[in-house]
Amino acid sequence: MAETTIGPRTRIQGRVTGRDVLVVDGEIHGTVEMDAPIRVQHEGRLEAEVQGPEVAIGGTITGHVVGLKKVEILPGAKMIGDVRTPRILISDGAVFRGRVDMDVGEG
Amino acid sequence: MADDQGTRTEIGPDTVVTGDVQADEDVVVFGRIDGTVASTTAVIVEEGGQVGPRVQAPTVIVAGWAAGDVVGNERVEITETGRVAGSVYAPRLVLLEGGAIRGRVVMDGTRPESAPENVPVARATATRTAASAPATARRPAAASVRAAREPVSASRARAAAANTAPAAPAHAVAGSVQLDLGEEIAPKDA
Chain X
0 MAETTIGPRT RIQGRVTGRD VLVVDGEIHG TVEMDAPIRV QHEGRLEAEV QGPEVAIGGT
60 ITGHVVGLKK VEILPGAKMI GDVRTPRILI SDGAVFRGRV DMDVGEG
Chain L
0 MADDQGTRTE IGPDTVVTGD VQADEDVVVF GRIDGTVAST TAVIVEEGGQ VGPRVQAPTV
60 IVAGWAAGDV VGNERVEITE TGRVAGSVYA PRLVLLEGGA IRGRVVMDGT RPESAPENVP
120 VARATATRTA ASAPATARRP AAASVRAARE PVSASRARAA AANTAPAAPA HAVAGSVQLD
180 LGEEIAPKDA
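Here the protein sequences come in this chain order: X and L. Throughout the first sequence, residue numbering follows numbering that gives the first Met the number 0, covering 0 to 106 in sequence. Throughout the second sequence, residue numbering follows numbering that gives the first Met the number 0, covering 0 to 189 in sequence.
Bound conformation, chain L alone (with noise of 0.2 Å):
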């Protein structure tokens, strides 16, 4: 899938990017995108990494904070450390343990109306209903041996080494889910 020539684009934790970011590669978040970032590839949003009001790529993983529209065209992942504020647009979601989303989820293939036309359409593959409470999502077995600080694009590149694929989505889940997180959902300041 991605990096397969080797390159990728990575925002380091103490820089900030006001504007639009596209790439046709992996784009690694450790610090801060305020705008659109678009790949043909995927979106990393590492822990304390920051980005809104706009993530779109065929892979989306939110480790960090995500505010706004994350709209994943096959796959969206939020780890253990993971916020989303916003709306969730993607046909398999893996919401693991810990993570967190308050915003809605939408799994039927249709995407923001203002979503570029630059990554291909999400084909809508959801037709399983599910229960959406974060404890019931089932933490693949990767995930459970990643180390605890290790960044999720050092474990997905490991993964990708290995041509092993990522663990596939347990559950997938239509229409809306609520989950009031109070002041946890805040963004830390940069």
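The following block holds chain X by itself, in its conformation from the complex (with noise of 0.2 Å):
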């Protein structure tokens, strides 16, 4: 499968969509929809809602996450906003504030 990296010298405003797995150090202010996982590196920044089969947040999300199979909030990473997902995984050090909402079907 491809990959998309947005770069840490990077900032996008508005609409990433596709079928490649996403990986982000850079900023990303709009929507992020991939049909592929999403991974927020440490340094990584989203101002976004974002949805994916997985996410992988190790980085900074303001904004709601859908996670159609499964949502990871990583240790150092701030999630700051409603998660929606049938699996969520919080690691010790992550800090989160928001909802959850565990109640959708398989994607």
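Hints are supplied without guarantee of correctness; some may be wrong.
[As the list claims (entries may be wrong)] Listed next, with one range per pair, are the computed distances between beta-carbon atoms:
{"no.": "1", "chain 1": "X", "residue 1": "Glu48", "chain 2": "L", "residue 2": "Asp33", "range": "17 to 23 Å"}
{"no.": "2", "chain 1": "X", "residue 1": "Ile79", "chain 2": "L", "residue 2": "Asp107", "range": "46 to 52 Å"}
{"no.": "3", "chain 1": "L", "residue 1": "Asp33", "chain 2": "X", "residue 2": "Asp102", "range": "33 to 39 Å"}
{"no.": "4", "chain 1": "L", "residue 1": "Thr109", "chain 2": "X", "residue 2": "Leu88", "range": "52 to 58 Å"}
{"no.": "5", "chain 1": "L", "residue 1": "Asp33", "chain 2": "X", "residue 2": "Thr61", "range": "22 to 28 Å"}
{"no.": "6", "chain 1": "X", "residue 1": "Arg86", "chain 2": "L", "residue 2": "Asp33", "range": "17 to 23 Å"}
[Said to hold, decoys possible] What the simulated footprint calls covered on chain L by chain X, stretch by stretch (three residues with Cβ under 8 Å from a Cβ of chain X suffice, anywhere in the stretch; the number is not a length):
{"no.": "7", "segment": "6-17"}
{"no.": "8", "segment": "26-39"}
No lab work stands behind these hints: they were computed from the structure. Quick reminder that beta carbons are idealized off the backbone N, C-alpha and C, glycines included.
Two chains, two frames, a set of hints: combine them into the complex.
Take a look at the structure:
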């Protein structure tokens, strides 16, 4: 599977969609909607509505996250906003402020 | 020049970005960006990649398809597979055999009015004029040994690692270039 990488010194304002794995080291403001796993690295920052089959958060997200299969909030992550997913992992050392809705069917 | 920190942004072949992309690192596009792409180093549109309506960087390399304004503050290269439908603003332009432009070429250092300020202004260095048909564009030695399907960014990275400068452009063109490309210039369906 091909990959899209947003570098640490890149800022996107708008909408990112597609079927590539998305790895974010930089910033996205807007909407992210992928049909493949999304990973926000430690330096990555999203102010966005985020949807993907699996969303791994190691950086900062402000906004709503929908993980159709799974959401992981990793150590060092800062998640501000609501999460909707059937499976969620919150690691020790993660900061999370928001609601969790696990009442969705498997994606 | 670019990539000195080894970081870059890469838009995958099955990714569409709608909006503005601003980078202080190379942006390599295998997929599609509908909007503005600006980098303080380089933007490389790989074969199959599509960008527009504006691309701006010190170096812009088009091996895919670009629509609108292509602004290279230092240099624009259109490879054998590159297609540009719009205006090219650059003090130095390389158009390899097989590459195509439909639109204006401006090499006197002016930029489109709405060009953002975050990238250095191009210096007006083009003083020579030369024939503008693609057949006369001399192919740099580096390009002719490039593997057929290898991404431009890969050979560029290798050249940077080997500390060899990209081949200097053979010609400078002042004025307008109009090439009728018919259907050929149209973008492929993403």
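How about the segment 6-17 of chain L: do at least three of its residues have a C-beta closer than 8 Å to a C-beta of chain X?
-> holds (count 12)
Three-residue Cβ test at 8 Å for the coverage of the segment 26-39 of chain L by chain X | holds (count 4)
Could you check the hint for me, namely that threonine 109 of chain L and leucine 88 of chain X are 52 to 58 Å apart, CB to CB?
-> holds, 55 Å
Indicate whether the distance between the beta carbons of glutamate 48 of chain X and aspartate 33 of chain L respects the range 17 to 23 Å.
-> holds, 19 Å
If you check the beta carbons of aspartate 33 of chain L and aspartate 102 of chain X, does the distance land in 33 to 39 Å?
-> Holds: the Cβ-Cβ distance is about 35 Å, inside 33 to 39 Å.
Range agreement (Cβ of threonine 61 of chain X with Cβ of aspartate 33 of chain L, hint 22 to 28 Å) | holds, 25 Å
Assessment of proposed distance window 46 to 52 Å (beta carbons of isoleucine 79 of chain X, aspartate 107 of chain L) = holds, 50 Å
Confirm or reject the claim that arginine 86 of chain X and aspartate 33 of chain L have a C-beta distance inside 17 to 23 Å.
-> violated, 34 Å
In this structure, the one hint that does not hold is number 6.
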